[in-house]
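Those protein sequence lines, which keep their order, are chains A and B. Counting in the UniProt record's numbering, the first sequence runs from 1 upward without gaps. Counting in the UniProt record's numbering, the second sequence runs from 1 upward without gaps.
Calculated directly from the structure, the hints in this document are not laboratory data. The hints are all genuine.
Since the list gives no way to pick one copy over another, a pair counts as held whenever it fits inside one copy or between any two copies.
Here are the computed lysine-lysine pairs in the BS3-like style, where the Cα-Cα straight-line distance is at most 25 Å:
(1) Lys39 with Lys25
(2) Lys87 with Lys307
(3) Lys324 with Lys131
(4) Lys140 with Lys316
Here is what each chain is made of, one letter per residue.
There are 2 protein chains.
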Amino acid sequence: MKASIKDVAREANVSMSTVSRVMNKNYPVKEETKIRVEKAVEKLNFSPNILARSLICQNTKTIGILVPSIDNFFFPTVIKAIEYELKINGYSIYLCDTGNNATEEIKYVKSLMGRQVDGIIVIDPKTENMKNGFYEAASKDVPLVSINGYNDNINCNFVLNDEASGARQAMLYLLELGHKNIIFVRGKESYSYDIKENVYNEFMEENKLNYHKNIINIGEGNSYETVDGTMNIMRKELENLQTPIAIFACNDLMALGVLNACKIMNFNVPKDVSIIGFDNICISNMVEPKITTVDQNMYLLGESASKMLLQLIENKNHEVCRLKLKTQLIIRNSCSNI
Amino acid sequence: MKASIKDVAREANVSMSTVSRVMNKNYPVKEETKIRVEKAVEKLNFSPNILARSLICQNTKTIGILVPSIDNFFFPTVIKAIEYELKINGYSIYLCDTGNNATEEIKYVKSLMGRQVDGIIVIDPKTENMKNGFYEAASKDVPLVSINGYNDNINCNFVLNDEASGARQAMLYLLELGHKNIIFVRGKESYSYDIKENVYNEFMEENKLNYHKNIINIGEGNSYETVDGTMNIMRKELENLQTPIAIFACNDLMALGVLNACKIMNFNVPKDVSIIGFDNICISNMVEPKITTVDQNMYLLGESASKMLLQLIENKNHEVCRLKLKTQLIIRNSCSNI
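Isolated chain A (complex conformation) (with noise of 0.2 Å):
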């Protein structure tokens, strides 16, 4: 059984109001009945009801998170760096696991409300939610941080990457090596390879690359079965393909498919086919050669939302915050210089 106040008091020799004292630190206690108190409680291994605390002073110190997969490359990092954010903050988290799914989102974020939770994150909402208002009207009841997903004119507390920033970037870097024979290779519908393939056609379109412009979209772009699904149509495209050329991926699973497209085709990475990819996941360094791609902050990224979210709670709510993470290349042996 669980020890309860009266039994560390009875142990202790003590009131309950004076356990209760030296567990809340809120009132001063003599050093040697403190020290009674803290054996006792040590003893017994209690741990007091942090429930029926809450229910009193309003706050629950629980925050829940919304992921559309926590089974993924990108998300885990996320949430390691707001799980470490908030628990050294007093906070636990709850974990909620949407399947990528717009009516499990709706409905986890109204059983967390039912929680009682503190604040909310969401980790790459649907575009849907955002759009119909579901998640304005949910920030207007609780502290509310979106991490990524659709913000145009969207009233919600943003953490964003800057990700046309980094595209830019890796379409200079390539530029810069001498490449004008760019591959842009995409996934299918999603809001952030629709940035990419924006800045992808206005800077072929600035620097006169018109001609070479060729983009692949690969079908589903964000899972396990990417790598090979992006392996698979990249060996029959590198059949027709004249090298050198480079290749630029929405993402680094998509980069690791056109890499072993390469492998089997027997072209040289880098020296046939620059690969660059997008978000350095940690595999990106973790294959032969290490493939060259643009880092999305995942820690920060979690970090910096579990620091607005405390602010929000902090101030109750009563500001609506934006933050812009900018985005970094990182630099390592999948591409070279024609």
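Position chain B relative to chain A; hints supplied.
Leaving out everything else, chain B in the frame of chain A:
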């Protein structure tokens, strides 16, 4: 402002107890009234206060999950399974990242008890907290299931992988391919590596291959740096080895490190060097050649632990359970016969 049950009652023009009946579905209510209440709930975005209900019902419908690191190839899949299985049974999960630290583990368990969780699942607990009796004591206070971890004569509930049998399958496979010169690659202290090393030693002895025994310890075995760490050590080792050889690595990160070393040294995998890993993390299926490995049932581990925990909660924690899951050899392209 969040809507209260009072607001809903006013909106639907019914009493608060009628709203409560509709929400809890515990008393019959006229269909027409039910629809009116549901509309009001929808309109006001009302969520019932689960917290208050928890204090009355003596259960919180929350489960705590402890994990050495969420930012890892192995654990996210386990957690995904747990989250899903518990969600469909009406539970929310608290996620706790212990940073693989024994003191943090204890702190988290105490904090979870303070939050009155209905149960705890601990993934890969620290051996010292098993040996010093901490988990045995905690298991008496709250339903608790451990996934893997030290378990010799420990009176806790366990879901385990049969790692010994998996290691034997791997060794047998290499032997059947004609390999005698089999090198064992492990990391520094870990109960899991010890189990596999025992099997390796026994197997080499049984098959009179003692003169080929070669155990290489690559140090830190379970971090993102493991791949490069293993590669650096194996590059030097490969210089002095007569191919063809086979390498049995304790996990897929080490196996990948060996694969990269072979690439750099221009050894062909699998013709010169056969490599077999362990775990079947997704990355083993994403590189070229794809790595033959032993599947650890990551999803099934999480699912089984959740089901066991739910049963313990149902049965008031009146039993001690132990479940050992079979491992399975996954044959891909990194091993060949001599």
